[in-house]
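Numbers given in my numbering equal positions in the sequence shown, counted from 1, plus 10.
It should be emphasised that the hints constitute simulated quantities derived from the structure, not laboratory data.
Just so it is clear, the structure is predicted and the values come from calculations on it, not from any experiment.
Be careful, since some hints might not be right.
[Said to hold, decoys possible] Under the rule of at most 27 angstroms between Cα atoms (straight-line distance), these lysine-lysine pairs were calculated in the DSSO-like manner:
1. 38 / 121
2. 145 / 33
3. 144 / 106
4. 38 / 167
5. 167 / 106
6. 144 / 38
7. 145 / 121
8. 33 / 144
9. 121 / 144
10. 106 / 145
11. 106 / 121
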Amino acid sequence: EREIRRRERRVGDPAGIPRYHEKVMAYKFRPMFALYASRGCPFQCTFCSSPNEFEEIFGKRMRTHSIPWILDEIRILQERFGIREVIFVDDTFNLKRSRVMAFCQALVEAKLELSWTCNFMVHITDRELQGAMKKAGCWSIMIGAESGDPRVLIDLKKGITVEELTRTAAWCEEVGIASRPSFILGTPTDTPESIRRTIAFAAGGRFHFPYFQLYVPL
11 EREIRRRERR
21 VGDPAGIPRY
31 HEKVMAYKFR
41 PMFALYASRG
51 CPFQCTFCSS
61 PNEFEEIFGK
71 RMRTHSIPWI
81 LDEIRILQER
91 FGIREVIFVD
101 DTFNLKRSRV
111 MAFCQALVEA
121 KLELSWTCNF
131 MVHITDRELQ
141 GAMKKAGCWS
151 IMIGAESGDP
161 RVLIDLKKGI
171 TVEELTRTAA
181 WCEEVGIASR
191 PSFILGTPTD
201 TPESIRRTIA
211 FAAGGRFHFP
221 YFQLYVPL
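Just need the whole structure built from these sequences, with the hints factored in.
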């Protein structure tokens with residue numbers, strides 16, 4: 011009970027939760043809530059704040075909540091606050107395949123009937139993993155695509171390829187998960203040609219809801 015009260019205090023004013031919503035096409039149900047299942051990121055994408063600004067806080071190693079802890083958090087949100095959807099805001103939710111598979115199995119067994127989304131990297135996935143996520147209630151994944159130009163992806167130290175983006179989108183379509191790739195236009199080595207290539211890649215792929223953002227140095 012003390013732990014439950016502590017977590018409730020962290021949630022804040024429950025009356026304000028139903029007023030919160032994400033951007034269009036980023037959620038299905040309200041009320042919703044954002045959760046961290048882990049924090050930190052081992053990757054070194056040049057544009058991202060995690061390896062640059064937050065490295066002194068997070069370091070290069072991951073810190074994760076246990077799966078029972080996450081399930082307890084979800085139960086509290088559902089039972090006390092009526093939450094219908096959770097957005098996992100970890101930098102990379104699928105960093106460890108075995109952990110995601112175990113979480114999906116535990117979520118199904120707990121019968122919590124949760125709708126959820128997460129941030130996703132395409133070079134550490136497969137069709138079986140995405141199928142397990144779908145079965146456990148995941149309806150969409152936010153893919154950090156950044157560019158449709160292979161050279162720009164290398165310049166950004168993204169560690170992925172356009173082929174992996176295309177393959178992940180195809181698996182999403184097969185298992186019934188919506189793919190939401192996020193592209194950045196105007197990164198330091200972008201050119202008019204690479205930007206046009208990115209737009210053409212996003213428009214011609216099997217992605218469901220592509221997002222475009224302008225690069226803004228802070």
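Failing hints, ascending? Hint 4 alone not satisfied by this model.
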